[in-house]
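Student: Single-letter residue listing:
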Amino acid sequence: GDSVTQMEGPVTLSEEAFLTINCTYTATGYPSLFWYVQYPGEGLQLLLKATKADDKGSNKGFEATYRKETTSFHLEKGSVQVSDSAVYFCALSDRNFNKFYFGSGTKLNVKP
Amino acid sequence: KAGVTQTPRYLIKTRGQQVTLSCSPISGHRSVSWYQQTPGQGLQFLFEYFSETQRNKGNFPGRFSGRQFSNSRSEMNVSTLELGDSALYLCASSTDTRHLEAFFGQGTRLTVV
Chain A
1 GDSVTQMEGP
11 VTLSEEAFLT
21 INCTYTATGY
31 PSLFWYVQYP
41 GEGLQLLLKA
51 TKADDKGSNK
61 GFEATYRKET
71 TSFHLEKGSV
81 QVSDSAVYFC
91 ALSDRNFNKF
101 YFGSGTKLNV
111 KP
Chain B
1 KAGVTQTPRY
11 LIKTRGQQVT
21 LSCSPISGHR
31 SVSWYQQTPG
41 QGLQFLFEYF
51 SETQRNKGNF
61 PGRFSGRQFS
71 NSRSEMNVST
81 LELGDSALYL
91 CASSTDTRHL
101 EAFFGQGTRL
111 TVV
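Protein chains in written order, with our numbering: chain A, 1 to 112; chain B, 1 to 113.
Hints should not be assumed to be uniformly reliable.
Claimed, not checked - Now the in silico label distances, taken between C-beta atoms and shown as ranges:
#, chain 1, residue 1, chain 2, residue 2, range
1, B, Thr80, A, Thr26, 30 to 38 Å
2, B, Thr14, A, Thr12, 33 to 41 Å
3, B, Thr14, A, Ser58, 25 to 33 Å
4, B, Arg15, A, Lys56, 46 to 54 Å
5, A, Val82, B, Arg9, 23 to 31 Å
6, B, Thr14, A, Ala17, 41 to 49 Å
7, B, Ser86, A, Thr5, 23 to 31 Å
8, A, Asp55, B, Arg9, 30 to 38 Å
No wet-lab data here; the hints were simulated from the structure. Small disclaimer: the values here were computed from a predicted structure and weren't measured. Beta carbons: idealized from backbone N, C-alpha and C, even for Gly.
Construct all of the structure, not just a fragment, from the sequences and the given hints.
Tutor: Structure (C-alpha cells):
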C-alpha cells in the first residue's frame with residue numbers, strides 16, 4: 001500500500017541555518033505530495049504541495065520538488081527562523097481512496 | 001472565508017462513555033475526512049464523507065462512526081470509550097473529490113480517564 005517515510009527528529013538548528021527534511025514515498029499510482037506544518041496545540045496547516053513529477057512547491061521560503069525517479073519530496077529552506085519551530089509532516093494523497101497518508105512527523109527546533 | 005471549525009476544542013470523558021465531535025467544513029467544500037493523531041501511531045485515517053456518503057473507512061473498530069449532513073457538516077461518534085482513544089481528532093475539508101488539497105481544523109483534544 002501507499003506510505004510515506006520521513007526523517008526522524010528532532011532536528012535542532014541555529015537561526016539562519018539551512019534546513020533539509022527528507023521524505024520518500026511509496027505509491028502505486030501518481031499521488032499528489034504535500035508538506036504540512038503543525039504548531040503546538042494546533043491543527044495542520046498546508047505549507048506547500050506538488051501535484052505531478054518535477055513540480056516544485058514553495059511557500060514562505062520553503063521548497064520541495066516532486067522527484068518521481070527517486071520517489072522523494074524533500075523539504076528545504078535556506079535560512080530558518082525561530083518562528084519555524086514546529087512539527088513538519090510529509091503526506092501524499094491517494095486519489096483512488098480519497099485519503100492522505102502521513103509520515104511520522106519531524107520536529108524542528110530553531111535556536112536563536 | 002471561514003476555515004474548518006471543530007467543536008469542542010477539548011473534552012474529558014470517562015471510560016465507557018460515548019462522545020460526539022463536530023466539524024464544519026469550509027463553505028462550498030463537500031468532502032470531510034477525520035484523522036486520529038496520537039504520539040505513538042501518528043496520524044491515522046478514520047473515514048471520509050462526500051455528499052452525505054461514506055466513501056472510505058480506515059482500520060478502526062466499529063465503535064468509531066460518523067455521518068455527514070446535507071450542509072456538509074460532519075460528526076464523528078465514539079462509543080464505549082477506552083483509555084487508548086485519548087487523542088487529537090482532526091477534521092479536514094476539501095472541495096476536490098480527488099483530495100488534491102485538504103484544509104484542517106484545529107482539532108478536538110479528547111482525554112479519556
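Student: A separate judgement is required for each hint: does it hold in the structure or not?
Tutor: Hint by hint, here is what the structure shows:
| no. | hint | in the structure |
| --- | --- | --- |
| 1 | Thr80/B <-> Thr26/A: 30 to 38 Å | holds (35 Å) |
| 2 | Thr14/B <-> Thr12/A: 33 to 41 Å | holds (39 Å) |
| 3 | Thr14/B <-> Ser58/A: 25 to 33 Å | violated (47 Å) |
| 4 | Arg15/B <-> Lys56/A: 46 to 54 Å | holds (49 Å) |
| 5 | Val82/A <-> Arg9/B: 23 to 31 Å | holds (26 Å) |
| 6 | Thr14/B <-> Ala17/A: 41 to 49 Å | holds (47 Å) |
| 7 | Ser86/B <-> Thr5/A: 23 to 31 Å | holds (26 Å) |
| 8 | Asp55/A <-> Arg9/B: 30 to 38 Å | holds (35 Å) |
Checked against the numbered hints given earlier, this structure breaks only hint 3.
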